[in-house]
Each structure stands twice: as C-alpha cells, then as structure tokens.
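From just these sequences and the hints, can you work out the full model?
Protein chains: 4
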Amino acid sequence: MTRVGIVGATGYAGAELVRLLAGHPEVNLTFLTSRQYAGVPFHEIYPAFTGIVDLTCEAYEPDAVCDKSDIVFTALPHQLPMSIIPELVARGKKIIDLSADFRFSNPDAYEAAYMQHTAIELLDRSVYGLSEVFADRIKEAAIIGNPGCYPTSVLLPLIPLIKAGLILPETIIADSKSGVSGAGRGLSVNSLYSEVTESFKAYKVAVHRHEPEMEEVLSGISDTPVNITFVPHLLPMNRGMETTIYAGLSKDFTDNDIYDTLAGYYSGRPFIRISKAGHPPDTRNVRGTNYCDIGFVVDRDHRRLILMSVIDNLVKGAAGQAVQNMNIMLGLDEKTGLDMVPFPL
Amino acid sequence: MTRVGIVGATGYAGAELVRLLAGHPEVNLTFLTSRQYAGVPFHEIYPAFTGIVDLTCEAYEPDAVCDKSDIVFTALPHQLPMSIIPELVARGKKIIDLSADFRFSNPDAYEAAYMQHTAIELLDRSVYGLSEVFADRIKEAAIIGNPGCYPTSVLLPLIPLIKAGLILPETIIADSKSGVSGAGRGLSVNSLYSEVTESFKAYKVAVHRHEPEMEEVLSGISDTPVNITFVPHLLPMNRGMETTIYAGLSKDFTDNDIYDTLAGYYSGRPFIRISKAGHPPDTRNVRGTNYCDIGFVVDRDHRRLILMSVIDNLVKGAAGQAVQNMNIMLGLDEKTGLDMVPFPL
Amino acid sequence: MTRVGIVGATGYAGAELVRLLAGHPEVNLTFLTSRQYAGVPFHEIYPAFTGIVDLTCEAYEPDAVCDKSDIVFTALPHQLPMSIIPELVARGKKIIDLSADFRFSNPDAYEAAYMQHTAIELLDRSVYGLSEVFADRIKEAAIIGNPGCYPTSVLLPLIPLIKAGLILPETIIADSKSGVSGAGRGLSVNSLYSEVTESFKAYKVAVHRHEPEMEEVLSGISDTPVNITFVPHLLPMNRGMETTIYAGLSKDFTDNDIYDTLAGYYSGRPFIRISKAGHPPDTRNVRGTNYCDIGFVVDRDHRRLILMSVIDNLVKGAAGQAVQNMNIMLGLDEKTGLDMVPFPL
Amino acid sequence: MTRVGIVGATGYAGAELVRLLAGHPEVNLTFLTSRQYAGVPFHEIYPAFTGIVDLTCEAYEPDAVCDKSDIVFTALPHQLPMSIIPELVARGKKIIDLSADFRFSNPDAYEAAYMQHTAIELLDRSVYGLSEVFADRIKEAAIIGNPGCYPTSVLLPLIPLIKAGLILPETIIADSKSGVSGAGRGLSVNSLYSEVTESFKAYKVAVHRHEPEMEEVLSGISDTPVNITFVPHLLPMNRGMETTIYAGLSKDFTDNDIYDTLAGYYSGRPFIRISKAGHPPDTRNVRGTNYCDIGFVVDRDHRRLILMSVIDNLVKGAAGQAVQNMNIMLGLDEKTGLDMVPFPL
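Chains as they are written, first to last, in numbering that gives the first Met the number 0: chain G, 0 to 344; chain Y, 0 to 344; chain Z, 0 to 344; chain D, 0 to 344.
There's no promise every hint is true.
[As the list claims (entries may be wrong)] Here's a subset of chain Z near chain G, in silico, CB distances under 8 Å, partners left out:
(1) L167
(2) S180
(3) V188
(4) Y202
(5) H278
Just so you know, these hints were derived from the structure itself, not from any lab. Ideal Cβ placement from N, Cα and C applies to all residues, glycine included.
This is the structure we're talking about:
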C-alpha cells in the first residue's frame, strides 16, 4: 500500500481529498495537517467522517511528513506550497499540489498573475496535471501542478478541437459558472448563504487568474500565443461548474466532425463523456464524481461552435483529478478509488 | 381610477400582475380569470394574498371582461391571446399581452418561431412593449406585445450601443441564465425542485424562440438584418435573470465612451441603473423590482465589449414591464405602483 | 416628518430597517452609522439601494445622532446598546433597540442569559415591543426592547390561548426553525453557503437565550412561572421562521374554541392572519412582510393543541416589528410603510 | 452473483436503488421495469448513469422478471405491489417492497390508513424491514416490507429507550422535517422548485399515514398500545430528514444513561452513530449514505428527553435500507455495497 498524506486537509479541497483517499483501495491515508486545527480529530471538524477517518490533524512537520508518506498532497493557498515542496522533493517524495504554484512552466506568467516564484528550479520537474492530456509526462513527474477548476472545464473540450485544427484559437470566449464551494471554506461575506442564495453575477470579468493558466496551455497546444476572453460567474449552488465556450470554426464542419474529433481524442478515457450534438450537459450528472461531460452545438449561421462542459469543481476540478494523477503516477487503473456511481438527485 | 383585469391570473406572471396591480394606487383591479380555478377565491390558490386580494377567479367571458375593465392584461400561453384579443380591441379595450402573439411586427417571423398567426390585421395596431425604447409608440397603441424576459435582458444593454454605432451587430453573442420561475407553474419534471436544485445547464442552445424576437428588434434598430448567437441556461434559483453579452467594438472605445453612451441613452429613465466599468450587476439587487442593472468591461485585447444585465424575470421581464407600459399608456409617472424598495436578502 | 436614524445600519437587521424606513411615507431617514463602513456610501455596501438611499455611513457620534433624529433605532449586538442608550434617552430621544438589552424587565433574568446589565435604571422606562400585545405601553415608552425573532413566533400564537386559560402553560414545547439570515452578516463557518445548503439540524437545544425571554413574558401573562422546552433548528433558506408548538389543553376544546380565541384576541390587528383548523401556514406567504400567519390542529387523542406560526425573521421578527412599534409610538396607523403586498414566489 | 431486478426503476427511490445495486459487488442488476419509459435506455432518463448502467427499461412481465432474478425490489405506489407480489412469491422469488403494502402485520391498520388489502394471506410471511431491529426475522422472510422514511427516523432513536423502559411511550411527540425528494418524481405543483425554495411548512398534521406504521411497531415493542403525536414538515432541500422527538422520562436519567442505552443497543451496527449529549446531528453528514445519526439532550426541568435523528430519506429511508435488508437476507456483511464515504459538502 502506498502511504499518502494531506498537507492542508481541512479546507474544502482537502476534505474532498480525505473523502477520496479514505475510500481508495490501494493507498493508506497516514496523516492530515492543519494549522488551524492541529490536535483536533478530523471527524470533529467534519462529523460526516465519524467512524470512517480516525486521524487527528497535526501541525506541519517535514520530518513527520517524510516519515509517514510516499506521496504528499498539498492543498494550501498559493505561496505556501512553493515554500515547503522543495524540501519534500529533495527527500524523495512525490508531490501533487492543488495550488497554482506549479501549474505554470513559464515563471513570468506565474509571477504576472500571482507573485514572485521562489522555487523556479523545480518547474522543469513539475507537470501540469490535466490527466487526459498529459498522462505520459505525469507518470514521470516529481511534482504535479494540479489544474484549476476553471481551466479543467475550459481545456478539456477545447484541446482536441484545437489540436485537430477545427477551431480558431484567437476567437475563443469562455463563459463559466461555478458553485460557491470553489471559493473554499475561508470566511468572506461573499460566501455567506444569505449573499449567495437567489443570486447570480459575473465577477473578475476578464481578469481572473485562471485565464493565463488556460492561455499557457492553449498556446503550447496550438504552437502560437492564444489569448482568450474568460468571464467567470458565481452560481447559487454548492458543487458544480459549467462552461459554455464560443469559438469560430476554421471551416463548415458537421456535427459528426465535431463529435468524432472529441470522441476520438478521448477514446478509452473513462472520465470523459461526450454527448451527441444538441444535448447540453448538466452539472448534476457529474456531482460527486470525476466525470467531465461535454456537449456541443454547431451554430451554422455564424460558422461558430458552442461547446459546453460540466465538472464537479471539487472532484475533477480539484481533488478527484489529483487522485487520478496519483493513480497515473502509481501505474494503477485511472479509475481506482474514483469509480463511485453518481447520484443525480 | 382605471379599471383593470387579468385574463389568466393564476400562472406565475399572472400572480405577479396581481401583486403589482393590487398595490397600484391609480387602478382598480376588478377581475381575475382562470380556466382551471374558476370559482376559487384567489387567496386560496395563493394564500399570501389573504386579506389583501378578495377577488374570486372567474371563467373568461368577454362581456363580463368588457363591462368591468378599461385595460385588460392577458397572461396566457401563446395562441390563446390572438384568439380573444380581436374582440376585446373591437370593443374598445386596451390590451397588454404577455405572450408572444403581438411581439412581432412581421407575421412571418412569428409563424416561423411559433405557429400560424390568426390576427395579422392587428399587428399594425400593436407595439413591442420595451418601455424605455418605444415609449412614444406605446402611448398610442391598442395592443402592447409585452417583451419576453430574455429579450428584455439582451436588448436593453445593446440598443444604445448599436444605435450609437459602437458595436458591430453581427458579432453579438448572448449567454443568458434564468431562474426557474420563467418556466411557469405548469407541471414538468424539469421544474421539480429535486431536478433543479444543485443543477445548472444550457438548454435550447441557439434554437430558443426568443432569439428571433430579439433579432427583429435589433434589425429594426440597426437598419440591417441582425443575426445573433443566443444560449439560455437554467439557474437553480427562483427569480432572476443575468445575461452576459460579448460583442465586437467598431473601434477602440474607452470605458467612458461606453458608460456615457449607456447613461446618456437612459438618462431620466428610473428603472435603468448603469454601473461604472468593472462592477458586474447581481440579480439579487433587482429581485422583486422593475430595475434593469447594467454593467460592462472592455476587453481591449480583443477589441470586444462584455456587457452584463440583470432583471427579475417576473417583474421587468414580465409583469413589471407590463405595468410600466400601462403607466405610459395612462400618462402616469412610469414608477407609479412600481417604486418598491428592493430587498437584497 | 419625524426624523429617524439607524445606529448599526449595515448588518442584516439594520439593512432591513433601511429598506422599510426608506419607503416609509411619514419619516425622514437622516443618518446611518457603521463602525466598519464609516465613510462608505450605503449603496456601495448594498448596491440594491443605488438610486434609492443616498446616505453615507458615519461613525457613531452622540451629538450628531441627537441633532439629526427624533427616534433612534439601534441594531447592534447586545452590550453596545446599553452603553449608548442612556445618553440618548437623557437627551430626549426615543429609542427602538433591536438587541436583547432592554427586553427583560427583570435584570437578573437578563444577566443569567447574557451579562451584567449596565443600565438597570432604564428598565422601568422600557417596554417589551411585542406590538399586538403591549401596544398601550409601547405608546408611552422611552425605550422599546424589540422582541427576538423566536420569541415573536412563539408568543403571538400562545398568548391569547394562555390568557383565556385554554392551554396549560407547563406543557409547552416549541420546535422552531429559522432561516439563516437570523444569524446575521457576521463571518462564521456555520453561515457559509456550502455549510448551510442541503443541511438541517437543531442547535442550542434547550439552552438558547431566547428561551428565558419567552418565559419572562409568558410568566407575566399567566401570573405563574412558566418554563417551556424550546428547540431551535437552522433551515437551508434565507428568510423565514416557522414554529410548531405542542401544548396540553385544559379541557376538550373544539376547533371553533381555538379559532375564536385566536381571532378574537387579534381582531382588528392587520398583521395577524389566523387560518381555520388544518391549514398549516407557510413561510413563503409572509416573506418580506410584517405578517404573522397562525394555524392549528387539535390532536384529540392526546388533548393536545398543535399551533403553528410563520414570520419573516427579518421583518416581523426584527425590523418590521420595530417600524410597527415606531408607528404605534407616533400615533400612526400600524400599517404605515408596512403595507407591501407579499410575493409568494 | 445474486441476480436482482427493480420493478418501478424510474421514480426517485427506484433510481436510488439503481445507483446502489449498480455499484454492489455481490449482485448482478439484470432488469429495470417502467410503465412510462418501457423501451427507453435508463441512461436517457437519468444521464448521470451514462457509461455505468446499460439496461433499457422494460414493461413488467412476470415471466421475464422470474427468469432473470433471484430477488425482486418493488418501488411502486402502494396497491400495485400487493397485486403482483403474490405470483412472484409463489414462484420462489424473495421480495423487498418499498411501498406500504407489506409494512403492517395487522391488515386492519393498513386498511384504515390506505385501502383494502388484497394479499392478507402473505402478511405472516412478510417482515417489517427495520434492519437493526428485526434482522433475525429479515433473514428468513419471503417479503420485506421496507419501512417508510419517517418511521425509520422516528423508530431508530426510540426503540432502545422504550425497550429499556427509560421513556414513557404515551408522551411521545415527533416533529419531523423532510427534503422534497421524499415526495417523489410525480408531477405536483407542491413539488415545483418555485414553490419549495425559500418555503417551510407543516403538512398532514397529525394525519400522516406513516403515523399508524410507527404506532404498530412501537406498540409491539412496548407491549401496550402506543399513540403518538406526529407532525411532518417540508424542507427546502432535496435529500435529508431530521426528526426531533420529545418524550417524558420514566425517572431522572443522566446523559450517560441515555447514551449507554442507545450505544449499547446499537453496538456493532455500522450504520447507527450515536453522539454524546448536546451534539445535534446534521442531515448533511449522512447525505448519500445509509447512516442514521442520533443525538440527544436531557431537559431536566421537565424530566423530558429530546432525541434527534437524521437520515438520507432516499437511502436509509428507502433504497439503502432495502439493500441493507438484501445483504441480511443473503448473509452478507450489512455494509456490502453501502460503504461509500459520505461527502458533507
């Protein structure tokens, strides 16, 4: 059994990692760290886990972490991971980091969006963890920069079509909508129930930090700088993210052209489900699971493709993809520990 | 006091008309009709109105309707209004119709989207009731074709900018999100609580019947056929609609250019509130009211404007705009009976 | 016009006072104070009020407050009101306090539930502001201790029946359920959307501080110490409170006995709506309004009465009852400024 | 592998059975019947199951059902099961019925609450499927009358305390609150999103048909006729049920007495989790799982016990307990196929 632990286990992404790793048949969850809750049994913070997870949260101690784990998941705000990961890597641990710190290969892009990068020397040992796209490199990486939720929902439908030359990268508009769990467990008036329910609005319009993350990947895929328009919105719901993408087609492709390109690219990948034209995906069909459902409509009047994707922002958009990446690193079947049957209700 | 009545009072738009007209200081609400609930006191169907509205629902009878009213609101599914309105107009009543039957000036466009039109001779006595745009003609009309909710949210932000030549009509993409009350009180699995909550999805992608309604108006405004891309989505909330519009700019306009054009056009119009650049509007700020809040961001990288509007789909998107149109017809202050203070919680 | 101001205007009860007082035809809202937002226009904190309320929040200054107001509403956490109200009263202002500080006539009861009372000398100039029950004394009071939301929902259905001797005070069990806006705008993990939605639970079982508040009033009404069982629960909704009360009947009363006692006591009181037996009230019928709807069922097998009441916790449970009390103090019709038509959707 | 099938697979309880049985390692799900959707692939009705469940719904045919199954789950409205089960039992099938038809051992009680019983001769071969209480008899039964959701939530906390003589059966009041999925997928205005959200109310006060079901079981447990007061309420949420029970104690028991009695009775039962005094359970901690969490507070002033239980109404309140009963019948570990880790968000 591989020994795994979570640094930063009490935020929403961390707790979701606990859920998935506690039920994973090939790993042993050996520690949970939390600055705020050191010394508190995890099931006192999340009573749902009573009788299931017996670990008590600990303060972060590199020696203890290294003694007890083979793979370390870090679910911390950006900046903290790049301060602790170098030591862990030096001591031979594999890292799956859910922050932005190791998502960019170009440190300038990171620094423009976030802050000074303090572990640049590790960037060429880290791989962007979009599982279906970069599996070969994920297998070998020391560090996985696990993708953001918005980039996952935008990149998965786009990449096959860009690679195949069907859409024009410079025309891409992504209109995304996220459930509020994406904002995490931190205290903010904007996350209060009374402020979120019966409310819908855009935010960080065209200035969200996930946009350069997408653009770096898309530019790499298309071998040309890609600059998109990205507008995130906040949904009055907990889990779930939908992205509707508008992109110009390079010529008059048919529904079959689109379907075949998507289905062909993701052939054999269990978590990507492609619908025939005209069947928009619904967030509730992926809730609690690692699926990404993709649908599309060709808008022939404008030679434009409308692509729609849905994920659970905490699973395929965070903890689930992290576990999928771990499975890939360990040579396991990708679905190990992630094969829960969804419940649409 | 003007005498008004509602044909089809027990659906959601009808009940919202009851709410607004019951509190309106210049009219007397004299009858409510309902096929399903004839003979039932209205407050037994909607107990919220106990002690406030004492009317009992009646079956529709043209003589009774004409005896008791000066203005008739029709809140029925399309097809029914065009079958009863000709007689009412012939007997001198003014009509405010919330269906699609009198929204199109071109019957072919109506027939392509809906069905055969059986009262074409009245189309030149009807006016599209987008209050802020067509007030002059609304004053004189025999019939108001009250706008759909989606068209209201799309047209109000676009029209000033198209008129002023700032945006390129052929580039318009409208990504709309609606609360489920827009689907009405009819029984459908898709409207059940368990199917809507924690769910978000697109529907009728690029084939919604509100799209030709918008296109007819935009074409008239811009004096050229306009064809847009329109994608509606269903929100897990009750009231509220947000539209995010993407449109190419005809040149490099500044934030001030956009703001001044919008604010100038709607100067003195009490229900339109324009935000400075970078302040996206939130549906909860207009809930229960007739406001339309509009915000924008200029995406300079793509010489593209991102416009956002929010309305309450049952108020400015239906019953509120209908009452506003009545106020205009009667020469009253537009805000009469519509000046409720919103409550954001 | 009476000049009124709000000390503590940016919490949820304060903002609800702004909503109601801004639309009140007989008062002039002259200032809003906020420690956290001093210097910030109110409509920047609550954009819903854009174009409606132009006041900027100020720091609390007794001289400014006294200069600008005849009646002062205090919407602050307990302890603060009793520190500032003595000076305001000394300078001739009438006070309507939404905290617990002036709800108890017996300071020991306050101190057992809260903390040391620092303005005991004012308790005999303050009146418990349950409008329908204590209107005569409210008229004359210097200070109104505006009732808590739970006590309002529990006391209004019980008082007529206790006064008339129909129910046995020692048998009362009150099972209450509150929307989360009752917890206010303060930051707490328990108020986050992700923690509240799809969640329901009891809290502070039999130890909530509103219980002694109810018991003091019930003891006064029944002339004997009354000790009840009170269990509050948190609902996954924003506004609304329901209380189901179980109480032994003193003999085999009929439905009519119960109805007549309730309807008789509240005859002529516009905000209390009594249903016939077997029609449980629904929170959505009172949302945004000052109504308290009351229903009941006689459980003959156990000679037990089941009483149910609903209020909007922010209106009749807080700001609305405060305005109603102001109307009573000013000799206005109770409904002035509170006659909004509810909207059940 | 045991072959199992579901008669009535497309309602909410049926779909939940599909979810649980599709992921169950010891059974093979061989058919799904649906009157309304015969011929339609199940994943077209519930797209969440795309790639997971490949069965197509069939019309009910007893021969086909008998050929393909060892155990049959019936998830139909009452009356239908008692018309088809006799033939299935005669042909040697074991039945787990989720309706009320086989829950009562006394047909008079069934007939008083529902309708004439047409399979009385089978009642002594059926067992009430409250898994933790009647496991011994469940093992041997031909038919399981799977408990209602409300009775499950009421009986599990009460039975140990009644059996041990700690509470007085004649004093029991159960105040229950249910998510709306309990009303099923049938079309009803009361189940529409717009009617349920931001709404809370009691219904069927003291006349719900689950009350005699509870009373028959409690009477059997306590060897004396038990008559309780039961009030159900509808929650604005999808899944989850909470019951708060008030019951007189037979003497002054301590917290430890209560805890030990509950924990002792359920010792070794994996799905019952008992909290220490003062920790009310929360529905979200059991969502999607077969757990029943129980908490309590002793109200010493009234020598009264306050018991609280939470379940997922579709799992422990329906499909999950049905699968648990199947496990017991098959001699499997109770948790087989039911050991999913809950997710509290």
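Just pull the numbers of the violated hints for me, sorted ascending.
Hints 1, 4, 5 not satisfied by this model.
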